[in-house]
Amino acid sequence: MNDSKYVIAFLVVILIALTISYFAFIPKTEPDNEHVHDATHSHDPTYVYSDSMTSHFGISDNYSTSDFDPDSYLKAWNFNNLSPEERKRYYRESNLSDNTTLREYWIYASDKKIEVAPGVFFDAWAYNGQVPAPTIRTTEGDRVKIYFMNQGSKPHTLHFHGYHESSMDGSMPHDFVNPGENFTYEFTAEPAGVHLFHCHSTPLKDHIAKGLYGMFIIDPKNPREPANELIMIMNAFDTNYDGENEIYAVNTRAFYYLDHPIKVKKGELVRIYIGNMVENDPINSIHIHGNFFDEYKTGTRNESDAFTDIIELGQGERSMLEMRFPYTGKYMFHAHQSEFADKGWMSMFEVVE
Amino acid sequence: MTSAIRYGSAILPVLLLVALVWIFLAYGPLGILKTAFPPIESVSFERIVLEQDSITIEIINDGPDSVTISQVLINDAYNRFDIDIQTINHLERAKIVMQYPWAEGLPLKITLLTADGLTFDKEIPVATESPKFGLTQLLTFTTLGIYVGVMPVFLGLLWLPFLKTLSKRWYDFFLALTIGLLVFLTADAIEGAFSLSSQVAASFQGSMLVPIGFFLALLILMAFGERDNDVDVTKTGVTKHTLRLSYMIALGIGVHNLGEGLAIGSAYAIGEIALGSLLVIGFMIHNLTEGIAIVAPIAKEKKNSIKHLLLLGLLAGGPTIIGTWIGGFVFSNLWAVLFLSVGAGAIVYVILEVFKYMKKENPKSGYTFTNVAGFFLGVLIMYITGLLVA
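Protein chains in written order, with the working numbering: chain G, 1244 to 1596; chain U, 211 to 600.
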């Protein structure tokens, strides 16, 4: 008797529990408008489609340091962005008797903290305090002399792509310039093309990933057609040293040209000297929206190698691109490795009349 | 004079330590220590709230140095964000709010990038809208708690009439089985506490909370037991003692279930068991056995009041509901670790009491083969039903 009463009492408890759970689960079995991701969001008057779908992307805040100006880097070579007095400290040019030009450069390596995304700082090794290094630009046949000072904390070198004697290669252990020491590199600039220079100390990957590279352009003796010339180095930064890059960019600062579009004129000839110095990823690319361009691989020949809107570049590879924008407006350009674009290598042209 | 010496010597070491710390901070080698090493940055994720097209993250700096959150990536893409405190000091909390059209049911990876370029990741295996505090969610969690905690315990209690019919030998077998169940629960709770402790911010030393909670519960219950045993001998009979034992078991299981509910609620809240209806069924079967443990001591009483049985069931199962509420809405691994440890300590006390009770009721009962078989059957039942949960 007692037992049956006991069983009934428990059945009542379980019944109550089931009733509660029935009401609790009702909203789940019926279509619940609140939980359906409706693209129009008509039930929510405060929801603005464009706001939340597009403007969420990208970096927060602005760059806080002004020691590197990506706008100025685009069009600077042989220190022509400096005042004449300041420029003399790093660059001098004089005519030689054989009708060629002697170009002398003062390049130093040092440890430098650089801002690679707003508020994110990378302990870089830099030439002349910037990543990428100041661009060196000569004409085919010019005599080049570079006075290199290592003010950094590790042995560094300068290694130029192009013709030069073995002793000027800057790649063998006996070529390494120790901290506090100097070395003078001397060679005749050839062949014409888009080249690079970088540190060749070991481990090679570390010295390049840390920021020791720059653009080296040799113009042909017969000048190219005048153009709006832009210098771009695709680079990346592994800020937490885990073997994967956190930041991708063209000219160091993630998303910089997205917020500060590069201005070009409609119909004018635009010439881009581009190189890839990304570490950790074997391939990088550039894709330009709303346009097609002629590609001159390594800029060494006058015939176009391709007419396309995207090129792939391996590590250390570079190219010269020529194009004209047929319409005004904003046109994106970015790596077509989507991950690189999402992580900073996404930029913008603004085409004006 | 003697008292001055006495109290003086009690305070002196403390005063000297304070002085030493002051000298160390003011003149000591701290400066050298600080500059010799790069900053040790550490950030723990405490809570992630997903709402329609928005993500809110609560983080705590559990490293010794301050941390500046400069950028945030979602699924490896930079995303704009607002943060209430950008430079977070030691043990300070910050809240990050982002607009992001996350996709229901897909994984979500959040990466914080500090000013020094370090990254801190948190992956949500299955993104799902976070529970908001409301009637529907409250009912959902209540139901979850009822299914996982209350119902199985009550179902287990229904074995009472069966237990009543048993001979003394087989009754002891079931008491031994109860001990087996409880031993498994202890190990389960301690294991759960240690594994959750790894998710607690490092500064709170989550794994050290386990022995603290364990011994806190065990020793306090033992002290109460000692006191009550003296009273017991003089004025209470067997009935009160067995009922007290059942309440003890229910309480121990209840505290354990509170920790379990916290873990379930928080896992549900951050989307870790969104696909886990099997997990809920597993817990139901697993917890069914808890009912046997509770009623075993009172099975031999002539009359069992329904009031007490209901209270016992609620005491053991009810905390699961409260646990899922707390876990679902205010989610804290810290509390889950503490409650699981306290539960483990309480259950160990109960094991000792049940064994004492067995010896008292039947001095010949002890390590008989029947009892040893009962014990291992208890462990085995929990192990096999545990396969559904793990």
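To be clear, the hints were calculated from the coordinates, so they are not data collected in a lab.
There may be inaccurate statements among the hints.
[Said to hold, decoys possible] Some chain G residues judged to face chain U by a derived CB distance under 10 Å, without partners named:
1) Ser1298
2) Leu1317
3) Pro1361
4) Phe1364
5) Pro1446
6) Glu1489
[To be verified] Calculated Cβ distances over 10 Å to all of chain G for the following chain U residues:
7) Asn289
8) Met308
9) Ala325
10) Trp380
11) Tyr457
12) Thr578
13) Ile594
A quick note: this is a predicted structure, and the numbers were derived from the prediction, not measured.
Yeah, the Cβ is synthetic: ideal placement off N, Cα and C, and Gly gets one too.
Tested hints:
1. Checking Ser1298(G) against chain U by beta carbon gives a least distance of about 7 Å; that is within 10 Å, so the hint holds.
2. A least Cβ separation of about 22 Å between Leu1317(G) and chain U goes past the 10 Å threshold, and the interface hint is therefore violated.
3. Interface hint status for Pro1361(G): upheld, as the beta-carbon distance to the closest one in chain U is roughly 7 Å, under 10 Å.
4. With a least beta-carbon distance of about 6 Å to chain U, the hint placing Phe1364(G) at the interface is held under the 10 Å criterion.
5. The interface hint given for Pro1446(G) is violated, since its Cβ lies 19 Å from the closest Cβ of chain U, which is over the 10 Å cut-off.
6. At a threshold of 10 Å, the smallest CB-CB gap from Glu1489(G) to chain U is about 6 Å, leaving the interface hint in force.
7. Asn289(U), annotated as away from the interface, has a beta carbon of chain G within 10 Å; the closest lies near 6 Å.
8. Residue placement check: Met308(U) does not keep its beta carbon more than 10 Å from all beta carbons of chain G (closest about 7 Å).
9. Chain G draws Ala325(U) into its interface by the beta-carbon criterion, the shortest separation being 6 Å against a cut-off of 10 Å.
10. The Cβ of Trp380(U) sits about 18 Å from the closest Cβ of chain G, beyond the 10 Å cut-off, so the non-interface label holds.
11. With 10 Å as the threshold on Cβ separation, the claim that Tyr457(U) sits away from chain G holds: the shortest Cβ distance comes to roughly 18 Å.
12. Every CB of chain G is more than 10 Å from the CB of Thr578(U) (nearest about 29 Å), matching its label as outside the interface.
13. Distance check on Ile594(U): its Cβ is at least 24 Å (rounded) from any Cβ of chain G, clearing the 10 Å threshold; non-interface status holds.
Comparing the model with each earlier hint shows violations of hints 2, 5, 7, 8 and 9; every other hint is respected.
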